[in-house]
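Enquirer: Read off the chains here:
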Amino acid sequence: MLRLAKKLGGEGSFYAAVITLVVFAAFPFYWMLITTFKADGDLYDLKSIPYWFNTAPTLEHIRYLFTETLFVQWLMNSALVGLCVVAITLIVALPAGYSLARMPGRSAETLGIGIFLTYLVPPTLLFLPLSRVVTILGLQDSLWSLVVIYPTFTIPFCTWLLMGFFKSVPREIEEAAIVDGCTVVGAFVKTVLPLSVPAVLTVVIFAFTLTMQEFVYALTFISSSEEKPVTLGVATDLIRGDIFYWGELMGAALIASVPVAIAYNLFLDRFISGITGGAVK
Amino acid sequence: MGAVTATNIRKQFGDVVAVDGISLAVRDGEFLVLLGPSGCGKTTFLRIIAGLERATSGEILIGGEVVNEVPPRARGVAMVFQSYGLYPHLTVANNIAFPLRTQRVAKVEIQRKVAWAAGLLGLDRLLHRRPRELSGGERQRVALARALVREPTVFLLDEPLSNLDAKLRATARSELKQFQQTVRTTTIYVTHDQVEAMGMGDRIAVIDHGKLRQIGTPAEIYDDPADEFVAGFLGTPPMNLIQRDGGSLGFRPEHFLPKELLNGAALTELAFRIDRMEYLGSERILYGAIDGFAAKREVTAKLPAHVQLTGIRPGEWHPFAVRETELRFFDLDGRRSEGKAQAQ
Amino acid sequence: MTAITLTPRPARSRFFLDRAEIVGPLFIAPAILYVVLLVGLPFLLALYYSVSAYNIFNESLAFVGLKNFRDIIGSEIFRRTLINTLVFTISAQIIGLLLGKIGAMLLMQEFRGRGIARALVVLPWAVPVSLATVAWLWMFDSLYSVINWTLIALGLVDAANRPQWLGQEDLAMIAVVVVHAWRLFPFGVVIFLAGFTSVPKDVLDAATVDGAGFWRRNYQIILPIIAPIVLIALIFGTVFTFTDLSVVYLLTKGGPINSTQVLGTYAFQVGILSGDVAHGAAICLFLFPFLLVAVILLLRSLRRREI
Numbered sequence: 000m001l002r003l004a005k006k007l008g009g010e011g012s013f014y015a016a017v018i019t020l021v022v023f024a025a026f027p028f029y030w031m032l033i034t035t036f037k038a039d040g041d042l043y044d045l046k047s048i049p050y051w052f053n054t055a056p057t058l059e060h061i062r063y064l065f066t067e068t069l070f071v072q073w074l075m076n077s078a079l080v081g082l083c084v085v086a087i088t089l090i091v092a093l094p095a096g097y098s099l100a101r102m103p104g105r106s107a108e109t110l111g112i113g114i115f116l117t118y119l120v121p122p123t124l125l126f127l128p129l130s131r132v133v134t135i136l137g138l139q140d141s142l143w144s145l146v147v148i149y150p151t152f153t154i155p156f157c158t159w160l161l162m163g164f165f166k167s168v169p170r171e172i173e174e175a176a177i178v179d180g181c182t183v184v185g186a187f188v189k190t191v192l193p194l195s196v197p198a199v200l201t202v203v204i205f206a207f208t209l210t211m212q213e214f215v216y217a218l219t220f221i222s223s224s225e226e227k228p229v230t231l232g233v234a235t236d237l238i239r240g241d242i243f244y245w246g247e248l249m250g251a252a253l254i255a256s257v258p259v260a261i262a263y264n265l266f267l268d269r270f271i272s273g274i275t276g277g278a279v280k
Numbered sequence: 000m001g002a003v004t005a006t007n008i009r010k011q012f013g014d015v016v017a018v019d020g021i022s023l024a025v026r027d028g029e030f031l032v033l034l035g036p037s038g039c040g041k042t043t044f045l046r047i048i049a050g051l052e053r054a055t056s057g058e059i060l061i062g063g064e065v066v067n068e069v070p071p072r073a074r075g076v077a078m079v080f081q082s083y084g085l086y087p088h089l090t091v092a093n094n095i096a097f098p099l100r101t102q103r104v105a106k107v108e109i110q111r112k113v114a115w116a117a118g119l120l121g122l123d124r125l126l127h128r129r130p131r132e133l134s135g136g137e138r139q140r141v142a143l144a145r146a147l148v149r150e151p152t153v154f155l156l157d158e159p160l161s162n163l164d165a166k167l168r169a170t171a172r173s174e175l176k177q178f179q180q181t182v183r184t185t186t187i188y189v190t191h192d193q194v195e196a197m198g199m200g201d202r203i204a205v206i207d208h209g210k211l212r213q214i215g216t217p218a219e220i221y222d223d224p225a226d227e228f229v230a231g232f233l234g235t236p237p238m239n240l241i242q243r244d245g246g247s248l249g250f251r252p253e254h255f256l257p258k259e260l261l262n263g264a265a266l267t268e269l270a271f272r273i274d275r276m277e278y279l280g281s282e283r284i285l286y287g288a289i290d291g292f293a294a295k296r297e298v299t300a301k302l303p304a305h306v307q308l309t310g311i312r313p314g315e316w317h318p319f320a321v322r323e324t325e326l327r328f329f330d331l332d333g334r335r336s337e338g339k340a341q342a343q
Numbered sequence: 000m001t002a003i004t005l006t007p008r009p010a011r012s013r014f015f016l017d018r019a020e021i022v023g024p025l026f027i028a029p030a031i032l033y034v035v036l037l038v039g040l041p042f043l044l045a046l047y048y049s050v051s052a053y054n055i056f057n058e059s060l061a062f063v064g065l066k067n068f069r070d071i072i073g074s075e076i077f078r079r080t081l082i083n084t085l086v087f088t089i090s091a092q093i094i095g096l097l098l099g100k101i102g103a104m105l106l107m108q109e110f111r112g113r114g115i116a117r118a119l120v121v122l123p124w125a126v127p128v129s130l131a132t133v134a135w136l137w138m139f140d141s142l143y144s145v146i147n148w149t150l151i152a153l154g155l156v157d158a159a160n161r162p163q164w165l166g167q168e169d170l171a172m173i174a175v176v177v178v179h180a181w182r183l184f185p186f187g188v189v190i191f192l193a194g195f196t197s198v199p200k201d202v203l204d205a206a207t208v209d210g211a212g213f214w215r216r217n218y219q220i221i222l223p224i225i226a227p228i229v230l231i232a233l234i235f236g237t238v239f240t241f242t243d244l245s246v247v248y249l250l251t252k253g254g255p256i257n258s259t260q261v262l263g264t265y266a267f268q269v270g271i272l273s274g275d276v277a278h279g280a281a282i283c284l285f286l287f288p289f290l291l292v293a294v295i296l297l298l299r300s301l302r303r304r305e306i
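Read top to bottom, the protein sequences are chains A, B and C. Residue 0 is where the first sequence starts when you use numbering that gives the first Met the number 0, and the numbers rise one by one after that. Residue 0 is where the second sequence starts when you use numbering that gives the first Met the number 0, and the numbers rise one by one after that. Residue 0 is where the third sequence starts when you use numbering that gives the first Met the number 0, and the numbers rise one by one after that.
Chain A on its own, in the form it takes in the complex (with noise of 0.2 Å):
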């Protein structure tokens, strides 16, 4: 098909496609950037060419975003979430991922797949029981239902991540450090951590944009609109009776897709070594 396209308009062709393709993954962005800032008079016109703007752009969706809305406390709320499950993510996966490359025998490799498909085990099938669960421990409608939960998903993935990491770093190194007077844990502490810096910084924005996208668990848990994530607030709260808040809630949609857009695109090729085993690098 490229070939063909080649022969028939060359170099053209191959770009309507690629502009194609691009539009097609980005119009809807652009559609959330256009209408953040038009007017209403201009939005809710079906005269007018909704591509460009028709009025002035304005800044008062973001305006009211910020100020009338509970925007903000819903950001504050992920960020929290996120840095907590960042935490306990860490301090769970670290250890874990490293035993798991150091275990001799079949028995390691066995027993890291078998972490990383709990990831496979979707909210949808979970969240049933583990509504119960939430409220039995009195975490119904609060933010730390989340905290507790969302690791869940966050260690199996960033476990095996970080396996294969570990098992790429000479073992002469703790071997030497033994010798010279560690413990195994005082080994992995003062030489195998230091090297590890970009794989933590990895497992940090994975497990950061993992909690940020995540939907399902918060529509479950969480109905006061104070404790609300981003993800939730944004899609459940800029209503009134059956009338979206578009201008807002465009707003409110692309400053939160933004930064984890931007984690994405810098860690992309980790992830999908991640995900593949390592089989690509």
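What the hints contain is simulated information worked out from the structure, not anything from laboratory work. There could be a bad hint or two in this list.
[Said to hold, decoys possible] Cut-off 25 Å, straight-line C-alpha distance, at most; resulting in silico cross-link-like pairs (DSS-like, lysine-lysine):
id, chain 1, residue 1, chain 2, residue 2
1, A, K189, B, K176
2, A, K189, B, K106
3, B, K301, B, K258
4, B, K112, B, K176
We have chain A; now place chains B and C onto it with these hints.
Expert: Coordinates of chains B and C only, in the frame set by chain A:
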């Protein structure tokens, strides 16, 4: 104090027996070389002494104490790894200081010791560099300094010269030997290179397939090999082994000379057909076969280059001989035995 | 020369943290605990709920056998739900994979702006599900849809009969599939790209010298080599779509009249909104066999690769 004793050490990994009942005693202050081909178990054995592996059975004693259950850091050993195992994120100074820091030695004392070790190995001007900025030889010296700084009872070295290029290896070899003679710490050194072993060891332990074949001084190993493996492993080219009833007959290439060059009685004559010759500058190696005897490899003779070889041409037979005192006899199991040369 | 003297033989307990046999399990225990307690147990709980009569008004744990399953299989809504879930998943995978492959082939070429193109193409997948879906909600709006505006402006549709993307059954299904495919294809692009670049160049050169043309190279050489990676991506993608709740919930809530209801949203509606935990759990469990198949496939392809 620094004596190391291994009693019947066995190590199994699943179905694979890596070390098959090795017993040996290293004397205090001795430089013992563990010599053997790749995969023979010598490194595993060293790691058991270090405490990085647990023996499946058998005992290790250091300084008279059984240390099987004692972790490496409490055994008083220091180890230099094949790839040196330097800490990449620390400077040379901090690499050397590391073992002292883990023992919580006082800061002032650490500085003094680091300076001393660095001085001994000529690292004074490299103290602030990172390992990746150093050459192979420099890294090796840092690894040694790090091992030295704890003043251990035993040095364990795992093929430390194998990552150096050939030219550097020779100088490093003599420096290491001199170094050991200065500090006089018991040293156990693993290598597959027989030249290194012969040049450095006070005694050599030859290991093959997890078993100890022979332990002795270089002269003993070379002149009195305990079996065919040892005989064939040392010497370049290896000892000639020709088959005969009841075993094999062995003689070294340098003892296998044209008959006219050997005078005196008690010679065994062997007709030698030379197939090809190699001129190596300082010596000549002749490859061929011996009339009437089968051998697993080509039979070789090694002559100094200055010896004239009149009348010797490839493709022709020539009477060669070996002094009877240089003959070695091996039985059908490959072990050394007494025997007499048969008349041709 | 002072040497370090050996301490008298200390008690074994002093070397607690030295022993790899103790530290190893210790290090991994928290992770296993987390997974067992918050994934394993809830799963078992779901199993039990599905064969009980539990709901939030009457927290009865009485065993009712397979009654719940019989109830839902008998329900027409459920049958519709199951079909929808399958249809959406398969369609979205096909479109997503196709676009992913094309996208990767395009982005493999060197051209100006390639970096930006790649960053933009990744956006749909990178951005949180709910936020992206809300944008599509706006784009499908019954009155102000920009898609409709464009169609009307191009004369393909007239204003009086503008398509109600989320209000008409068949259109709603299309809308859901489009959003799913839109979210999936960047993942496909990235995976295919990574796969293409991992094929060793000499293999491709050898094929070219051997006379293999574009299509043969593609389908007989490249595809088999990258198949394992693509398979892993396919499994992930399928699981994500099959078990999705967010997209359908936010776009249509399963409507109109259950035409876009999927297992996830139906379970939510029954189990949470109506409080009928037992039936909700039974619905959820229909996800399980499918997951099992996915897991087995994934395991096999991972194992093969490990060697």
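Enquirer: Can you name, in rising order, the numbers of the hints this structure does not satisfy?
Expert: 1
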